[in-house]
Amino acid sequence: MIKKITNISDQGIICDFGEEVNKDINKKVISLFNYLKEKSNKDEIKGVYNIIPSYNKLVVHFDLEKNNSHKLKEFILSIDIKKLTTSQKNKSWTVPICYDDEFALDLENLTKSLKLSKEEIVNTHLKTEFYVYMIGFMPGHPYMGDLDKKLFTSRLQSPRIQVPIGSVAIAEKFCIVYPYLSPGGWNIIGRTSIKLFDTKNLTNPCLFSPGDTIKFEKINKSELK
Amino acid sequence: MEQNHFEVLRPGINSTFQDKGRFNVQYMGLAPGGAMDYQSFLLANILLDNDKNTGAIEFAYQGPLLKLVKGKTKIVITGNVFFKIYSSNGEIIGDPYRTYDLNEGDQLDILATKASVYGYLSVEGGFKLDKFCGSVSSQPRAFIGPNEGKKIEFKDKILILKNSTIKKNKIIRDIKFEPKKIFSVLPGPQFHYFSTTSKKKFFSTPYMITKQTDRMGMRVIGASLENLINSNIPSEGIIKGAIQVPGDGNPIILLSDHPTTGGYPKVGSIISSDYDDLIQQNANKEIFFQLVTLEAAEQQFALYLEKIKKKISNIEEI
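Residue numbers (my numbering), protein chains in the order written: chain A, 1 to 225; chain B, 1 to 318.
Hints should not be assumed to be uniformly reliable.
[Claimed, not checked] Okay, the calculated bits of chain B under chain A, using three or more residues with CB under 8 Å as the criterion:
| id | segment |
| --- | --- |
| 1 | 34–47 |
| 2 | 183–195 |
| 3 | 290–298 |
[Stated by the list, open to error] Across the chosen pairs, the derived CB separations fall in these ranges:
| id | chain 1 | residue 1 | chain 2 | residue 2 | range |
| --- | --- | --- | --- | --- | --- |
| 4 | B | ASN163 | A | ILE79 | 32 to 38 Å |
| 5 | B | ASN250 | A | LYS200 | 46 to 52 Å |
| 6 | A | LYS215 | B | ILE312 | 54 to 60 Å |
| 7 | B | GLU104 | A | ASP16 | 44 to 50 Å |
| 8 | B | LEU9 | A | HIS70 | 50 to 56 Å |
| 9 | A | LYS200 | B | LYS310 | 41 to 47 Å |
| 10 | A | LYS215 | B | VAL69 | 43 to 49 Å |
| 11 | B | GLN299 | A | LYS42 | 46 to 52 Å |
The set of hints was computed from the structure by calculation and includes no laboratory data.
Every residue gets a Cβ at the ideal spot worked out from N, C-alpha and C, and that includes glycine.
Can you make the complete structure from the sequences, with help from the hints?
Structure follows, in structure tokens:
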């Protein structure tokens with residue numbers, strides 16, 4: 001549960017759930033996030049700018065004119081996180097992925113470092129049910145886990161200056177998808193055409209939510225839109 | 001019928017639409033954004049009797065040259081800004097924090113910010129802008145904001161919602177632009193990661209603001225911070241003003257368009273009441289950091305609000 005809550009600014013606090021990164025801890029972070037979000041939407045907590053869940057931390061950014069860290073800390077510490085229930089339902093998604101060489105820019109190198117064939121890497125990736133720990137860094141960008149131990153790998157020695165949009169990449173025990181053209185140092189194993197952040201959707205632009213589950217489904221290049 | 005609008009004759013260096021920013025969106029990976037200097041942004045709208053959160057044009061260093069092609073509008077510029085207005089009566093040098101009437105054909109030339117970075121242009125009734133997640137703030141990198149988040153460009157048509165109806169003009173006199181050198185800092189979540197000696201230096205020696213500074217972050221150069229534990233942490237939520245320190249030991253202060261989460265340890269955070277002044281500091285300027293308590297930071301914030309209220313109560317009709 002929450003180990004401590006400290007100030008990270010006069011308008012921000014961080015709830016610390018410990019150092020470990022695992023689903024059980026993250027699920028606690030997300031249930032507190034969903035609960036506080038609902039409370040804030042109903043204006044039962046005043047002046048909340050943003051609530052930001054991550055692997056094992058929850059940051060609350062608030063307006064010091066309307067609230068203060070003393071009150072917020074007291075409120076959060078009074079919550080029994082084990083008993084939280086919210087109306088938030090997590091979804092399951094199937095994400096199409098094409099593992100063709102022209103998209104899987106690092107697959108060949110991974111076969112050497114992981115000592116697995118391409119098929120083994122692909123099949124292991126396909127078998128895994130991923131869990132969205134958090135969305136961060138840029139709009140819609142999911143951090144998913146956990147990879148099968150066989151696929152644990154470090155980041156690239158030198159990051160790419162530009163990673164193509166929709167690249168699916170792995171590092172350590174996590175898998176990500178790049179929703180925008182950006183620099184990046186993860187190992188690219190395929191490409192998806194799924195739109196993770198849609199600015200035309202004015203109410204709910206982000207496809208995934210923290211806590212959702214994802215399975216990849218292999219497609220051919222011709223099916224990649 | 002053609003709508004009231006400005007035509008952009010010169011876009012300026014970094015001109016975007018901004019309001020207070022987006023709320024409750026950061027969990028989607030979307031930065032809050034919003035006006036860098038909230039106080040200047042707010043005063044612009046108040047001088048025009050606009051709704052407090054009406055979108056304005058934010059510019060940096062050199063602003064745009066705009067021609068009012070259609071309509072009659074009242075404008076105000078805030079910040080420490082040098083600008084001119086060209087009309088059929090000739091040319092005048094404008095004062096910031098004072099409203100002016102523009103007639104069809106007039107031009108507004110925002111030449112430069114003086115010893116500062118950001119300024120704001122607001123019009124009576126506001127510009128016609130589409131909101132995304134409750135805000136008109138532009139984030140060009142993520143294609144978010146009016147006109148797909150693009151910076152204001154040459155020949156853009158900027159629509160104005162209505163004709164001016166307010167007769168009198170308003171002014172805040174005696175706005176002071178005092179140089180500020182020392183910025184207050186609260187300890188960050190990884191304060192203990194850094195050696196005592198290097199923290200002592202951080203809080204006593206000067207840091208120079210580098211040119212690698214934009215709406216996303218401010219890089220400063222000075223004594224480097226020595227990390228004793230780890231220069232990578234599992235990514236966690238970030239709020240503006242956080243001072244992150246990557247492996248090279250050189251601090252980066254994260255500003256309004258910051259990434260939503262980050263994996264570098266944070267030594268501290270600029271207190272909220274110093275933020276507007278911090279982002280107005282030019283590149284190559286030397287600044288100092290001082291460690292303060294939460295109580296002191298909260299008191300400073302109350303003073304900051306008090307000062308804004310005082311400026312608002314000093315508004316005079318002319």
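Now the hints, each set against the structure:
1. With a cut-off of 8 Å between beta carbons, the segment 34–47 of chain B has 0 residues touching chain A; three or more are needed, and the interface restraint is violated.
2. A count of 3 residues in the segment 183–195 of chain B with a Cβ less than 8 Å from any Cβ of chain A is obtained; the coverage claim is therefore met, three being the minimum.
3. Taking a C-beta to C-beta cut-off of 8 Å, the segment 290–298 of chain B contributes 3 residues in contact with chain A, enough for the three needed, and the coverage statement holds.
4. Checked against the hint of 32 to 38 Å, the C-beta distance between B/ASN163 and A/ILE79 comes to roughly 52 Å, which is inconsistent with it.
5. Under the hint 46 to 52 Å, the C-beta atoms of B/ASN250 and A/LYS200, about 39 Å apart, miss the expected range.
6. Hint check: A/LYS215 to B/ILE312, Cβ distance near 56 Å, so the stated range 54 to 60 Å holds.
7. Here the CB-CB span from B/GLU104 to A/ASP16 is close to 59 Å, at odds with the stated 44 to 50 Å.
8. At roughly 52 Å, the beta-carbon separation of B/LEU9 and A/HIS70 lies within the given 50 to 56 Å, and the hint holds.
9. Distance hint check: the CB atoms of A/LYS200 and B/LYS310 are about 44 Å apart, consistent with the given range 41 to 47 Å.
10. For the pair A/LYS215 and B/VAL69, the supplied restraint of 43 to 49 Å is violated, since their beta-carbon distance comes to about 55 Å.
11. A hinted range of 46 to 52 Å for the beta carbons of B/GLN299 and A/LYS42 is inconsistent with their spacing of about 31 Å.
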